[in-house]
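Chemist: Listed here are the chains, written in short residue letters.
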Amino acid sequence: KAGVTQTPRYLIKTRGQQVTLSCSPISGHRSVSWYQQTPGQGLQFLFEYFSETQRNKGNFPGRFSGRQFSNSRSEMNVSTLELGDSALYLCASSLDKANEKLFFGSGTQLSVL
Amino acid sequence: AQSVSQHNHHVILSEAASLELGCNYSYGGTVNLFWYVQYPGQHLQLLLKYFSGDPLVKGIKGFEAEFIKSKFSFNLRKPSVQWSDTAEYFCAVYSGAGSYQLTFGKGTKLSVIP
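Chains Y and U, in that order, give the protein sequences. The opening position of the first sequence corresponds to residue 1 in this note's numbering, with each subsequent residue numbered one higher. The opening position of the second sequence corresponds to residue 114 in this note's numbering, with each subsequent residue numbered one higher.
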């Protein structure tokens with residue numbers, strides 16, 4: 001069974017640009033969560049999707065958005081990038097609920113210059 | 114809002130030493146508790162979890178954790194660490210229906226010296 005796949009693995013952008021990250025969950029998983037990981041802050045919750053609906057959103061500005069498609073694949077978008085957005089963005093999938101075992105991808109390392 | 118505190122940022126141990134990593138959470142209701150581990154170059158994976166019942170839970174690779182409700186704690190332990198346990202460990206809490214998120218601590222980096 002393939003794991004959670006995140007693309008691209010690395011991204012370098014400049015301030016003001018926008019970026020789209022992609023996540024393909026494990027087959028059969030319908031819940032997809034996104035987290036931002038930084039050395040000082042650990043993992044911070046961005047949002048969670050289930051059946052194309054956002055069920056919860058973390059405390060991030062509106063520049064951070066996401067969506068889920070009918071095949072459960074998910075994308076997140078960050079507009080007007082800032083230096084502080086540099087981080088590892090992790091996607092995790094589970095069958096249904098966030099309190100089930102989460103399966104994480106390897107992440108997308110975003111560097112904003 | 115709920116929060117998770119991990120007391121140690123970086124722990125350095127020699128092989129065969131005993132390990133205890135502290136984790137405290139702030140939420141008064143029913144919680145589900147987790148420890149995740151991130152080995153160097155690998156993705157995060159579940160180490161163990163507590164939902165209900167016996168407060169002492171056992172996970173993979175000889176790890177265990179004890180839930181102490183009165184102290185809002187869920188400390189991770191291992192009697193004898195190995196070099197291969199070198200990793201970053203994250204405590205996380207799920208506070209129930211409607212939240213659909215895990216709240217993670219900032220992580221504890223464990224370095225085991227051969």
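Derived by calculation from the structure, the hints in this document are not laboratory data. Where hints are given, some of them may not hold.
[As the list claims (entries may be wrong)] Estimated spans, in silico, between C-beta atoms of each pair:
#, chain 1, residue 1, chain 2, residue 2, range
1, U, 165, Y, 41, 27 to 35 Å
2, U, 128, Y, 53, 32 to 40 Å
3, Y, 22, U, 120, 31 to 39 Å
4, Y, 73, U, 179, 22 to 30 Å
5, U, 116, Y, 51, 41 to 49 Å
6, Y, 61, U, 135, 47 to 55 Å
7, U, 182, Y, 9, 16 to 24 Å
8, U, 167, Y, 71, 24 to 32 Å
9, Y, 9, U, 128, 16 to 24 Å
10, Y, 54, U, 179, 19 to 27 Å
11, U, 226, Y, 59, 19 to 27 Å
12, Y, 70, U, 152, 29 to 37 Å
13, U, 158, Y, 39, 35 to 43 Å
[Unchecked claim] Rough simulated footprint, nothing fancy, chain U against chain Y, three-plus residues with beta-carbon under 8 Å:
#, stretch
14, 40-52
15, 64-74
[As the list claims (entries may be wrong)] Straight line, CA to CA, 25 Å or less: simulated DMTMM-like cross-link-like pairs of lysine to aspartate or glutamate:
#, chain 1, residue 1, chain 2, residue 2
16, Y, 13, U, 167
17, U, 182, Y, 52
18, Y, 101, U, 177
19, Y, 101, U, 128
20, Y, 101, U, 179
21, U, 191, Y, 100
22, U, 162, U, 179
23, U, 219, U, 201
24, U, 162, U, 133
25, Y, 101, Y, 82
26, Y, 57, Y, 96
27, U, 184, Y, 96
28, U, 182, U, 133
29, U, 222, Y, 96
30, U, 184, U, 128
31, Y, 57, U, 179
32, U, 182, U, 128
33, U, 162, U, 201
34, Y, 101, U, 167
35, U, 219, Y, 52
36, U, 174, Y, 100
37, U, 162, Y, 96
38, U, 219, U, 198
39, U, 162, U, 198
40, U, 162, Y, 82
Note that beta-carbon positions come from the ideal geometry of N, C-alpha and C, so glycine has one too.
Chemist: Are residue 162 (chain U) and residue 133 (chain U) close enough, with their CA atoms no more than 25 Å apart?
Modeler: The hint holds at about 16 Å.
Chemist: Are the Cα atoms of residue 191 (chain U) and residue 100 (chain Y) separated by 25 Å or less?
Modeler: 24 Å, holds
Chemist: Holds or violated: are the alpha carbons of residue 162 (chain U) and residue 96 (chain Y) at most 25 Å from each other?
Modeler: With a Cα-Cα distance of about 17 Å, the restraint between residue 162 (chain U) and residue 96 (chain Y) holds, given a limit of 25 Å.
Chemist: Are the Cα atoms of residue 219 (chain U) and residue 198 (chain U) separated by 25 Å or less?
Modeler: 18 Å, holds
Chemist: Can the restraint linking residue 162 (chain U) and residue 179 (chain U) be considered satisfied, given a maximum Cα separation of 25 Å?
Modeler: 10 Å, holds
Chemist: Could you say whether the range 47 to 55 Å given as a hint is met by the Cβ separation of residue 61 (chain Y) and residue 135 (chain U)?
Modeler: Roughly 32 Å apart at Cβ, these two residues miss the hinted range, so it is violated.
Chemist: Would you mind confirming whether the straight-line C-alpha gap from residue 101 (chain Y) to residue 82 (chain Y) stays at or under 25 Å?
Modeler: The given pair, whose Cα atoms are some 32 Å apart, is violated under the 25 Å limit.
Chemist: Is the Cα-Cα distance between residue 184 (chain U) and residue 128 (chain U) 25 Å or less?
Modeler: 30 Å, violated
Chemist: Is 32 to 40 Å respected by the C-beta to C-beta distance linking residue 128 (chain U) and residue 53 (chain Y)?
Modeler: 48 Å, violated
Chemist: Taken at face value, is the distance from the CA of residue 96 (chain Y) to the CA of residue 222 (chain U) at most 25 Å?
Modeler: Violated, at roughly 30 Å.
Chemist: Taking 25 Å as the top limit, are the C-alpha atoms of residue 184 (chain U) and residue 96 (chain Y) close enough?
Modeler: 30 Å, violated
Chemist: Is the distance from the Cβ of residue 73 (chain Y) to the Cβ of residue 179 (chain U) consistent with 22 to 30 Å?
Modeler: About 39 Å separates the Cβ atoms of residue 73 (chain Y) and residue 179 (chain U), which means 22 to 30 Å is violated.
When the structure is compared with the earlier hints, violations turn up for hints 2, 4, 5, 6, 7, 8, 9, 10, 11, 13, 15, 16, 17, 19, 25, 27, 29, 30, 31, 32, 35, 40 and for no others.
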